[in-house]
Amino acid sequence: MPDIVPRRRILLASATALPLLLATAGCRSSSLFAGPDPLAGRPPLGHNVLTLQAVIASEENMINLYRAAINGDSGTTAQSRTLGPLLAQHEQHLAQLRARLIEPTGTLATPSQTTRPSVSAGGGSASTGPIRVTTAQLRAAEHASAAGLVQQLATVEPALAQLFASIAASDATHVTALAGNGLG
Amino acid sequence: MTASTAVPALQAALAAENAAIFGYGVAGAHLTGNSLAAAEQDWTTHNEARDTLAGMIRQLDTTPAATQAFYQLPFRVHDAASATALAAHLEDGVTRAYLGLVAVSDQQLRRFGALAMQGAAQRAAFWRGSTQAFPGLSTP
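Going line by line, the protein sequences match chains H and Y. Whatever position you read off the first sequence (first residue = 1), add 295 for the working numbering. Position 15 of the second sequence, counted from 1, bears residue number -2 in the working numbering, the numbering being contiguous throughout.
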């Protein structure tokens, strides 16, 4: 069986040479495989995700403002009748925004999860005790939200831009409704 | 501005504005007082928007789509209530049309479309008497 020895030598050589080859190659997955290195740590979040997180945080803050206005000292029955439907629409906005947010596992928590959003508006502060939110502050917040969304939609994917534009349009109608035009 | 995607979106917005101009003419005939004044103001706003859009389309070396002689209305308009409902319907159509502009790649055009949506949504809310969570979007 003269061919056994060479074959055995080949097998032995392969078994010893493979680790050596891997060692000289650096054994780095990034040099062996295409794509991101799984050992290199958490990948950065994409622009759409970061923008969406910021918009979600703003929407949560808006909802907190409405709840404070409805439940606070300044809340009256008539005011609640106007604010209630607007609050419900903001809750719909938040649900749709959250539905669009797909974060890879292992990423950092969203800003809305790590920081309790401030309920300040128009110079108010998130101090302890009951927070008084006026209709004028809500109007200012709605106006700022609509303007901010228009700024944000320029650089995100088309479908997300359309959602932002629609929410901005809704916020713009809230500004009018809060002016006492009987909408809502 | 990327003409390949911008022109169809601009033409769609122009068509919606032309339909609104026609529709407000019908609605105005059944309105009086403050409602008529609001309809006339909105009619003027849509005329101005039509001229703006036509100019933008011409800047892209394209001929603006011609106005039709007649537009099919969604329902019969015979009194103030149906005229008011028509005005809200027209503004909803304009809002949807401008939503198409928000999906183009040009950032300035997106902004233009988004701001136009706000105006149309506010007018729709006025005529409807209530706001909506997602103007222009049928299923968000």
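Be a bit skeptical, because a hint or two may be false.
Claimed, not checked - To give an idea of the chain H side of the interface with chain Y (calculated C-beta under 7 Å), a few residues:
1. Ala439
2. Ser461
3. Ala464
4. Ser465
Claimed, not checked - Short, incomplete list of chain H residues facing chain Y, as computed with Cβ under 7 Å:
5. Gln387
6. Pro453
7. Ala456
8. Thr471
9. Ala474
These are calculated hints, taken from the structure and not from any lab test. All figures in this text were calculated on a predicted structure; none of them were measured in a lab. Heads up, the beta-carbon is just placed ideally off N, CA and C, and yes, glycines get one too.
| In rising order, the numbers of the hints this structure does not comply with | 1 and 9
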